[in-house]
Amino acid sequence: MSAIATRYEVVVGLEVHAQILTQSKMFCGCSTDYLTAPPNANTCPVCLGLPGSLPVINRRAVEATIRTALALNCEIPEFSKFDRKNYFYPDLPKGYQISQYDLPLSRNGHLEFDLNGEARRCGITRVHLEEDTGKLLHEGAIHEAQASLVNFNRAGVPLMEIVSEPDLRSADEAREYVMRLRAILQYIGVNHGDMESGQLRCDANVSLRPAGSAGLGTKVEVKNMNSFRAIHRAIEYEVERQTQVLESGGRLAQETRGWNDARGLTVSQRSKEYAEDYRYFPEPDLPPLDVSREWVAQIRAGLPELPAARRERFMTAFSLSPYDAALLTSSKTMAEFFEETVRLGAPAKTAANWILGDFSRLLNIDRKEIDDASIKPRHLQQLISLVDSGAITGKMAKQTFEAMYRAPDPGPALEAARGSTQISGDAELDRIVDQVIAENVKSVADFRAGKEQALKFLIGQGMKISRGRANPQRLDALLREKIQ
Amino acid sequence: MKLYQRTIRDLHQMLVDREISSVELTDAVLSQIDAVGDTTKAYLLVTRELALRQAQAADERLRANRDVRPLTGIPIALKDVLCVRDVVSTAGSKILRGFTPPYSATVVERLEGEGAVFLGKTNCDEFAMGSSNENSGYWPVRNPWSLDRVPGGSSGGSAAAVASGEAIAALGSDTGGSIRQPAALTGIVGLKPTYGRVSRYGLIAFASSLDQIGPMTRDVVDGALLLQAIAGHDPSDSTSSLRPVPDYLATLTDGVKGMRLGVPKEYFVAGMEPAVEQSIRDAIRLLEQQGASIEEVSLPHSDVALPAYYIIAPAEASSNLARYDGTRYGFQAGGGRNLIEEYMLTRQQGFGAEVKRRIMLGTYALSSGYYDAYYLQAQKVRTLIIEDFKQAFKKVDALLGATSPTAAFELGAKTQDPVAMYLNDIITIPANLGNVCGISVPCGLVDGLPIGLQVIAPGFGEAAALRVAYAFEAATQFHKARSPLMGAAA
Chain A
-3 MSAIATRYEV VVGLEVHAQI LTQSKMFCGC STDYLTAPPN ANTCPVCLGL
47 PGSLPVINRR AVEATIRTAL ALNCEIPEFS KFDRKNYFYP DLPKGYQISQ
97 YDLPLSRNGH LEFDLNGEAR RCGITRVHLE EDTGKLLHEG AIHEAQASLV
147 NFNRAGVPLM EIVSEPDLRS ADEAREYVMR LRAILQYIGV NHGDMESGQL
197 RCDANVSLRP AGSAGLGTKV EVKNMNSFRA IHRAIEYEVE RQTQVLESGG
247 RLAQETRGWN DARGLTVSQR SKEYAEDYRY FPEPDLPPLD VSREWVAQIR
297 AGLPELPAAR RERFMTAFSL SPYDAALLTS SKTMAEFFEE TVRLGAPAKT
347 AANWILGDFS RLLNIDRKEI DDASIKPRHL QQLISLVDSG AITGKMAKQT
397 FEAMYRAPDP GPALEAARGS TQISGDAELD RIVDQVIAEN VKSVADFRAG
447 KEQALKFLIG QGMKISRGRA NPQRLDALLR EKIQ
Chain B
6 MKLYQRTIRD LHQMLVDREI SSVELTDAVL SQIDAVGDTT KAYLLVTREL
56 ALRQAQAADE RLRANRDVRP LTGIPIALKD VLCVRDVVST AGSKILRGFT
106 PPYSATVVER LEGEGAVFLG KTNCDEFAMG SSNENSGYWP VRNPWSLDRV
156 PGGSSGGSAA AVASGEAIAA LGSDTGGSIR QPAALTGIVG LKPTYGRVSR
206 YGLIAFASSL DQIGPMTRDV VDGALLLQAI AGHDPSDSTS SLRPVPDYLA
256 TLTDGVKGMR LGVPKEYFVA GMEPAVEQSI RDAIRLLEQQ GASIEEVSLP
306 HSDVALPAYY IIAPAEASSN LARYDGTRYG FQAGGGRNLI EEYMLTRQQG
356 FGAEVKRRIM LGTYALSSGY YDAYYLQAQK VRTLIIEDFK QAFKKVDALL
406 GATSPTAAFE LGAKTQDPVA MYLNDIITIP ANLGNVCGIS VPCGLVDGLP
456 IGLQVIAPGF GEAAALRVAY AFEAATQFHK ARSPLMGAAA
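Residue numbers (this note's numbering), protein chains in the order written: chain A, -3 to 480; chain B, 6 to 495.
These aren't lab readings, by the way, just hints derived from the structure by calculation.
Mixed in with the good hints, there may be bad ones.
[Claimed, not checked] Here are the computed lysine-lysine pairs in the DSBU-like style, where the Cα-Cα straight-line distance is at most 30 Å:
#1 A:372 with A:394
#2 A:81 with B:99
#3 B:262 with B:399
#4 A:77 with A:131
#5 A:391 with A:345
#6 B:485 with B:262
#7 A:478 with A:452
#8 A:219 with A:77
#9 A:77 with B:395
#10 A:345 with A:372
#11 B:385 with B:400
#12 A:131 with B:99
#13 A:452 with A:438
#14 A:372 with A:460
#15 A:77 with B:385
#16 B:385 with B:270
#17 A:81 with B:361
#18 A:81 with B:385
Work out the full structure, taking the sequences as your base and the hints as a guide.
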């Protein structure tokens, strides 16, 4: 970091919008499928804002918001209400968005995370519930377009707004916060965390202040970041830009800037003087929400193990490093893949290395999630056991893994690796079985006495002697034959 | 007596007795519309074919004696703020010209279920904003009692239709008096139910926290019958109440003996016509003679109800009417060079002066920096008014007063002075702000023009309001007076 940059402290607060994975929309019974349905197929008088239509609250969306708020350690007041946020835009059919203003469903929470081994904590100002807007499609660039089309399939999809305190001090922290937040949303099943499709969106409020000062500098809102990388780059860019303005004796304008990912810079969109007055007032079409303590307790009881707790458990139960544990638990599906692989018998550290190493590398290239891959925990466990038994080398294993990954069914690639070294000749197997029987007199006696478990042990010994190259089914048959 | 002069109850009996068919009855009312419709201008749209089709279906139902309801086969008019599937519904506004909703209001569905016959959409002040029907985006309505006078508003078309024999009954909507005041000015019965008693789904909104749909009828019994059909919870309207709906007819004729009736001193406002005041005092005396105990009560915040209303209602309206931007349905000006210009042209040309005035008032009241001084303050006043009623209803069962301080005024008399126009609703507005119910029942003629007695009862006390109104009606002949256009009851 340059000497100049250290004279300023970076202050970042994030506003994350997350769609809630309900079947139906926030205020009507329409399907929330706006990605695959034909334009305007999932609409009705309510989500189109036709005259006389009235909203009805989707209780599941309220529940999902409370679940999220509890996972973020928020307080849940007993009384909450919806408000109207008024503005004109063609993607907003009623001319107002039903949102929450002064009495949100939750407030005063926090999210803890780790950055380079250091514990961090970011305050959560509030989590509130609102409805998404429709989507505009312009013919050509927005300012030159001769026509614009609007698709209201997304209008009325439940949307949570998760507002952080300005507690983040770097682009790294901001990115880590969003990654952690995304993991939590996935864990509790309220959002898949897909940023590119807009299911999860992030705006950043970025300002600088002299190091050591407690006040807040002029804040710039940065929008349009739709990947973790974009969040990181945009904040880095904005910090650099603001530093240069301040260093050259200039003043920063309070404004909204859009991140242009292709050009790698932020562009001014509108200044504070033109800020809209949203004329919030209580939504008269909806009664206030009474959030009973029993309901909150019920939702709390239904919360699954959250990433932070799982990370702690991975560190103690599997002796993983804080770093590996954090990475593995950053995605619910990855953590589950890991646990299942270990449960099937793979050593934890080896499984973690595979998942965080080759597997993640291949997934990243293909922009896929772990549960999209054809490789399942049992495949990985078998591959690991081949290596551990010495049947194949590490180098072979890497090649095998990639072949398994590429194939729609990883089975044949795995069998090929096993088969390439497998002992099939009965003479050699005979020798191995004889050796096992000679070296394990007690187990042989146990098996004769009827202990099936003893045979498993003997097969294991045979595999060990053969360095994994023996066919376990054949060993089983030969052992039974010779012992009885 | 001509068929179109009769009440729902009479006609129901005749239909059940096969004295008449619904098609005959509907024809009779449609003929009256043909005869006087161009004079009153009560309708924006007459749904002749729909009416005859429904009448035929009602006749089949009557013939088969299958689920015959009090409204089966009865021709009813619907205020144009109510959405009817596949029927143009404009709320009296040019901005919704040609708008044909693909859905019906819940009350419309309930009446369909009863087997009622829909005559058409009645004229009203644009988006129900007005007290004279002169703010209609199409044309003013004339009072069947005196054609150079207004029928009141905003449900002026519904009132004029019932008063002229162009409908047996009608539905109106009441945000600050829009059912009761035109009922009073045209000599019929109009009931504003408690907020939440009747579903608002499909009612084109003016002010969402105040709007209620209610019956406009020839007499109190008909009012009870029509309310019975439309009241009750609706899952599509979260603000509709879960309270069970009582049987309004069961207690209707119980009389006022032993009832405590209050007379709010604040309801005898400055500017009230002496003849109106005299009629109200006479009405109160009559109810006392019927056995009610009368006492003067105070609703101390009545004087600030009007200003509070003219903050809250326009604030909600400014938001409710934001959707009319010309991009999806209704009127679109065209010719704008960009989005904002197109919005402005559409709204400039689509809305009338009063609607624009209220959108501006409401937008201002909600603006940052003014919200606390206006909207929030008005909500506090509303709380005080609710409290006023609660206190009063600890002492009395219902309240009595005039519905309107004057009889019908001449067209054009108040169009240049919005505040004078707003003052018409000074005694009706508190019931909307106070979450109570009110009914207007004819109580006399002043210079040949009808006036109304208003009975206000506590929230969900419609049965009590109807009972007092019925006792008064039963002891008087005022409701039997017929407008010249309806014709003498021969």
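Against the structure, the hints come out as follows:
Note on residue 372 (chain A) and residue 394 (chain A): the hinted pairing holds, with a Cα-Cα distance of about 16 Å set against a maximum of 30 Å. For the suggested pair residue 81 (chain A) and residue 99 (chain B), the alpha carbons sit about 26 Å apart, so the restraint of at most 30 Å is met. Taking the CA atoms of residue 262 (chain B) and residue 399 (chain B), the gap is near 18 Å; set against the 30 Å cutoff, the hint holds. Taking the CA atoms of residue 77 (chain A) and residue 131 (chain A), the gap is near 26 Å; set against the 30 Å cutoff, the hint holds.
Distance restraint check for residue 391 (chain A) and residue 345 (chain A): the Cα-Cα separation of roughly 18 Å lies within the 30 Å cut-off, and the hinted pair is therefore satisfied. At most 30 Å may separate the alpha-carbon atoms for a hinted pair to count; residue 485 (chain B) and residue 262 (chain B) meet this at roughly 24 Å. A threshold of 30 Å between alpha carbons decides the hint, and for residue 478 (chain A) with residue 452 (chain A) the separation of about 15 Å falls inside it, so the pair holds. A hinted pair counts as satisfied when its Cα atoms are at most 30 Å apart, and residue 219 (chain A) with residue 77 (chain A) qualifies at roughly 27 Å.
Distance hint between residue 77 (chain A) and residue 395 (chain B) is fulfilled; the C-alpha atoms sit about 25 Å from each other, no more than 30 Å. For the hint linking residue 345 (chain A) to residue 372 (chain A), the alpha-carbon distance of about 18 Å falls within 30 Å, and the restraint holds. Proximity of residue 385 (chain B) to residue 400 (chain B) is assessed by CA-CA distance (about 24 Å); at most 30 Å being required, the pair is judged to hold. In summary, the hint linking residue 131 (chain A) to residue 99 (chain B) is supported, as the alpha carbons are separated by about 28 Å, within the 30 Å threshold.
Proximity of residue 452 (chain A) to residue 438 (chain A) is assessed by CA-CA distance (about 14 Å); at most 30 Å being required, the pair is judged to hold. The suggested pairing of residue 372 (chain A) with residue 460 (chain A) holds, with an alpha-carbon distance near 25 Å, which does not exceed 30 Å. Straight-line distance between C-alpha atoms of residue 77 (chain A) and residue 385 (chain B) comes to about 18 Å, which keeps the hinted pair within the 30 Å bound. About 22 Å separates the Cα atoms of residue 385 (chain B) and residue 270 (chain B), which keeps this hinted pair within 30 Å; it holds.
Taking the CA atoms of residue 81 (chain A) and residue 361 (chain B), the gap is about 20 Å. The hint holds against a cut of 30 Å. Taken as a hint, the residue 81 (chain A) and residue 385 (chain B) pair is honoured in the structure, with Cα atoms around 21 Å apart against an allowance of 30 Å.
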